[in-house]
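Asks: In case you want the letters, here they are:
Number of protein chains: 4
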Amino acid sequence: MTSKRFFRLVLLVVIALDSFAREPIKSPPPVIQTKIVRARELGIPFEGTPGKLNAITDVPGVEVGYTTLISGEGKLEVGKGPVRTGVTAILPRGHASLNDSVYAGFFSFNGNGEMTGTAWVDEGGFLEGPIIITNTHSVGVARDAVIAWRVKHGAADKTGYWWSLPVVAETWDGWLNDINGFHVKPEDVWHALDIAHGGPLQEGSVGGGTGMICYEFKGGNGTASRKIDIRVSKDASPQTFIVGVFLQANFGRRPQLTIAGEPVGREIPGEVYEQESGSCIAVVATDAPLLPNQLKRLARRVSLGLARTGTILESGSGDLFIAFSTANPNVVNPDQITHDVQTIPNDLMDPLFAGVVQATEEAVVNVLVDNHSMTGRDNHRVEALPHDRLREMMKRFR
Amino acid sequence: MTSKRFFRLVLLVVIALDSFAREPIKSPPPVIQTKIVRARELGIPFEGTPGKLNAITDVPGVEVGYTTLISGEGKLEVGKGPVRTGVTAILPRGHASLNDSVYAGFFSFNGNGEMTGTAWVDEGGFLEGPIIITNTHSVGVARDAVIAWRVKHGAADKTGYWWSLPVVAETWDGWLNDINGFHVKPEDVWHALDIAHGGPLQEGSVGGGTGMICYEFKGGNGTASRKIDIRVSKDASPQTFIVGVFLQANFGRRPQLTIAGEPVGREIPGEVYEQESGSCIAVVATDAPLLPNQLKRLARRVSLGLARTGTILESGSGDLFIAFSTANPNVVNPDQITHDVQTIPNDLMDPLFAGVVQATEEAVVNVLVDNHSMTGRDNHRVEALPHDRLREMMKRFR
Amino acid sequence: MTSKRFFRLVLLVVIALDSFAREPIKSPPPVIQTKIVRARELGIPFEGTPGKLNAITDVPGVEVGYTTLISGEGKLEVGKGPVRTGVTAILPRGHASLNDSVYAGFFSFNGNGEMTGTAWVDEGGFLEGPIIITNTHSVGVARDAVIAWRVKHGAADKTGYWWSLPVVAETWDGWLNDINGFHVKPEDVWHALDIAHGGPLQEGSVGGGTGMICYEFKGGNGTASRKIDIRVSKDASPQTFIVGVFLQANFGRRPQLTIAGEPVGREIPGEVYEQESGSCIAVVATDAPLLPNQLKRLARRVSLGLARTGTILESGSGDLFIAFSTANPNVVNPDQITHDVQTIPNDLMDPLFAGVVQATEEAVVNVLVDNHSMTGRDNHRVEALPHDRLREMMKRFR
Amino acid sequence: MTSKRFFRLVLLVVIALDSFAREPIKSPPPVIQTKIVRARELGIPFEGTPGKLNAITDVPGVEVGYTTLISGEGKLEVGKGPVRTGVTAILPRGHASLNDSVYAGFFSFNGNGEMTGTAWVDEGGFLEGPIIITNTHSVGVARDAVIAWRVKHGAADKTGYWWSLPVVAETWDGWLNDINGFHVKPEDVWHALDIAHGGPLQEGSVGGGTGMICYEFKGGNGTASRKIDIRVSKDASPQTFIVGVFLQANFGRRPQLTIAGEPVGREIPGEVYEQESGSCIAVVATDAPLLPNQLKRLARRVSLGLARTGTILESGSGDLFIAFSTANPNVVNPDQITHDVQTIPNDLMDPLFAGVVQATEEAVVNVLVDNHSMTGRDNHRVEALPHDRLREMMKRFR
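Residue numbers (the numbering used here), protein chains in the order written: chain A, 601 to 998; chain B, 601 to 998; chain C, 601 to 998; chain D, 601 to 998.
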């Protein structure tokens, strides 16, 4: 059995276990993808060398959990559905994240969106817990739920109190989802946190990405990673790091879509609706030892990867990016004044920048390819990017 | 009857009406301040000329509403109380705020706190609804409640959808309040929004400021305003504007407290607890026609006013400031491409800067003076700044 | 005669006049391009509709002037040469710029470079004079020379004093140029300012761009523009604006170069030298009435246009972008407190964003195409991108 | 002999040596202060414990050098004088600064001024050479002179090239000085760099501060320092650091001046001129091991120290602050990928914040006290703050 097939098997088992991990939230059961096809399997050329899973979870310690909420069909009744939404949880050091912060940096390319907790990320340089991504109208419930979860699972600070500024981000799913029905509940957030795991990840219309639209195809989640060799000079032996990108992608207009340099969107015309407020949340993880200001530099490069797929990051878009490093564990020891931490020189960061750009580009295409069509509220329908058309175009152009 | 007394009467009526405006939330009833004493009545000298009410509501259109949650006594039982918290709502153009945005600017002096919605304020230059201030662990519920309130009361956008990035800020009240009990509910937020009004304002331990601590005295809300004369040259006749400041003050250590240049804090020693995470949220309002980048300049000056009271804006403090201008109504007309808006030259902004600094300084002292002592969870007690001591010191030093 | 040919003729006349406009600075005379070929003439497809000149000077009022310093050959003698450098001056409102500021916004994508004067652009929202671009080691002389020029040509402020914070930017040309010889003199800066003109512009190795390298081909200056139709709704009649981009391009590694989606750089391998410090300065001009915070949004989009040509904006790169609007003339009248200015809604900015991205992409390719090979210090040689190879690749891929 | 007297003696010797260190630049010789009186000697109470010299040079390694240009009297003839200006050089690690960068952070409170090189400080987190402070119109010459000095004294980078983005800041001295005469020459900058030294520093009207005005008294340079004890908990033994502040102070209106909480400015009325463009450049140095984002936090606190002296940091002011740490020597070793560096937790930074605020406040008063009256161009005269009046006020109020 090839390792690729093995991982798919593991993934299907993980998905199955997920669905047992808690009571079914809504009927009918989530439309589970039965076939996983990632972008590079369609013959799309990408630069760089991916990690084993080609996912953010290639960065050791990073865990991801989803809660997917799909129920109801037909006409919208606010508060009843149809529901096409969910929650994504990303834990930098798995469940140790609560008491072992990571250095982090934040960048807003176009701030028409929400990522809570970033004033402190920017000021203090730390991400002090998980990252949650959900729909625009559920950021609040998710934020307070993270505090409740921290109170339950994490330690109080040294004065015996809890105090927390959770990082929760969003994109808007109101064209498919009863977004004004506020269907995400605290337990949905806790579920995503509780079941977060390393290893292979589902992509597409799951978790926070469930109801998203990208380039007017079915959007949602995508991930990719790059192995990065850093050398002090051309002939020196390298030190290898990994950089992973995770996206909740809800942006872009059809005619802009460019894949591997090809005007794919113009070849498959179609408009979903006069889109108002696409957005893209990106999480960049690395095990390279970077300081907060260096991680901000990594976060900024996400925009270049998005640009390669054709977007101009529109005015209505909330393009908010956060990057963290899992190096420097236990950086804050309360019994010590000075602490040793590791960094790498700015001069040697270019391979990491390239990794972010490349992984972001591939993650966008994974969003589109590793996905399925969906019908939501008021029978609004969004088609997935057709694999055969894409495969054919890739052949034709190359 | 003097106008000052008249306003106090009006204020007491407003308070009384407030308590009828909805069902009592918790028993026992809020400890209502029976005596209103503002800082300048104790003989404290302040620079500048205040507006009629010496409050943010001197800026025409600005409305403020509180929900105060006080119940229980004695030992903490998480989820049961004691409760010492609340919600403050500030509406730039009253209830018209939902469909008539104001230009705004944001500044974080020390980002150890939360103000949601600021990525868009910073990017787009608009505040598109109310500002809510509450406790740290209730930012989420307040945020989503604002969206629900907008869906109910505001218009959809031109594509028929709702979409909102509410501005909700916080300071931490966990020393007096059962903060992990999450006592703020959506209806508490709606209540504060619904009853928001112009005219005189309560200060001290009401609304979001209920459980706050400032310079280790009882903290909470304070406000002040300044009339601003702007002239193009020394002898020209002035145009008059108003600038108002509102604070939720939860910062500072006792020995730092300086009032009118005097080391008041060192004269009244006392430590409440090893304070971890004080914060100060400030809202600056003006009717001067300023553009977003100019309002950011106004917001930044809040830090100078705070500095005059002795604080160094500590590492654990979330010092987040937002400024808006009620000039330029209906600045976005969907049927027009180019819009006329008003501005004033940068060169003429100094009087506005002075107004912000002066009103901020006075608002801090109002927080401390226009307040009362409080006992909260686990019988934790915070004393109000004693008026007699302060009055005496002011006499002695001057 | 076609209009294109007519403009070329005008351009050649302008170039000729330029060389008479002052004493020859250095012998031998500048290597003037005899053939002007712009990127789209080679069959490269670009999105959008360019303005008449496809240059930043399509924005009415914008003037550009160059001083090109080329002299000496062979081995480097610091202070003697060879000299391959120059100065570019961009005047937002031509020579009226000194006393009629424009709204402006600044963005640093990667701050490994210099653009003086940006603290005030960022704070005050105005660009109060020309923009100068030169080599890294001549920013200082250029900056002070602008002040001297302002003292000579501009009015004092209302108190009778001069005071100025010139905007001067740089990229590094030390591989071809005797950069440590400091060959740019104040009179070179004044010359560029004095001869600045509207109409057709030279591109490539002239002015500040003389000694630059881009994707390891000969780099330097490039420009492009887009006509922008803005509509309040799909069927409404449009209002037309123009957005122009000017680049001093000195960035990128060969294998990254992508033109119209094609991996051109990998098809024409070659390494000039282990490049340390590429950079890209961009100036965006528009006649659309935008406020400072909106112009910052425009400036930020330059990075997306650069990304389309393959760069990852490396750590050693100074990628500093400034955008200004020539609308709102005489925005500051010293005899008035409130001023009317025009703006357009954020919601309608997307066509402008697209224009910036598209014009930036084309300007980069113009840098490479409208250029010639150059030999500089120590016989270092940089080849221009070969037109035939590019033309052939464009045919093959499409 | 007391240590204070000893240091004064050393200082006078240093001053004397300075004047021999190079040819006299201009006649008549600089008006050297014959009596040094620092603020605390007049009985002004300040918080905190100063370092040995109460100067930025208490931070080991920090060196400061001045070139003072004073010549001519009477009517202004542009280019001839009178000259009242100069150059200040601050070297973080003395002459080793060129090849051993320090971590640094930058903050602009009000960006109406210039500090070159800050885009890279902000991006890369390093200050890679000296800081120069001079007058507004000489920033350029100083900047290029630093590059020339680096080429002469520093090593090329590993590719054999020089490349530099010097940090040069300014305040405006055109009321006393023939600022449009551009009297600062490269050799003046080199002189300040060459003679930079540790130990006691002159304050007042020397170096870049020569022609400055502060609160409409004679302004210029001031410095102060604080010893900082940091403890992990109340009873733990402390680790001691030093924080030093250096100001070039050219800001403030007379009525605002507040010293130790007293309205000194209102007691000594007087207006110099309708001031347009005051400014304050601040340099913060510490030996505490702080990362770039932490140093930015330090830089921001300068504004609070300034606020304590009464200023509102006006619109015309360039209030630009830079902080660096001399810890972490040799942080970039070109033969290594990962590097160990030291930091201290954010939670323990408050004593450093307090030190910056206190030292800034004292440095402003040192500017005013350790100074002398000056007559400049067109017989413009600025009086020094009279010591006797201040001494008397301090007695009266306390």
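None of these hints come from the bench; they were simulated from the model. Ideal Cβ placement from N, Cα and C applies to all residues, glycine included. Each hint should be verified, as a subset may be incorrect.
With a straight-line Cα cutoff of 25 angstroms, these simulated DSS-like cross-link-like pairs (lysine-lysine) come out [as the list claims (entries may be wrong)]:
1. C/K785 x C/K752
2. B/K785 x B/K834
3. A/K785 x A/K752
4. D/K995 x C/K680
5. A/K785 x A/K652
6. D/K834 x D/K785
7. B/K785 x A/K752
8. B/K785 x B/K675
9. C/K675 x D/K827
10. D/K995 x C/K785
11. A/K752 x A/K675
12. A/K785 x B/K680
13. A/K680 x A/K785
14. A/K752 x B/K680
15. A/K785 x B/K752
16. A/K785 x B/K675
17. C/K680 x C/K785
18. C/K752 x D/K995
19. D/K785 x C/K785
20. C/K827 x C/K652
21. C/K680 x D/K675
22. D/K995 x B/K995
23. A/K680 x B/K680
24. A/K752 x B/K752
25. D/K785 x D/K675
Partial chain D-side listing against chain B, Cβ under 7 angstroms, derived [unchecked claim]:
26. I912
27. V931
28. V932
29. P934
30. F953
Asks: Which hint numbers does the structure go against, in order from smallest to largest?
Replies: 2, 4, 5, 6, 9, 10, 11, 16, 18, 21, 23, 24, 27, 28 and 29
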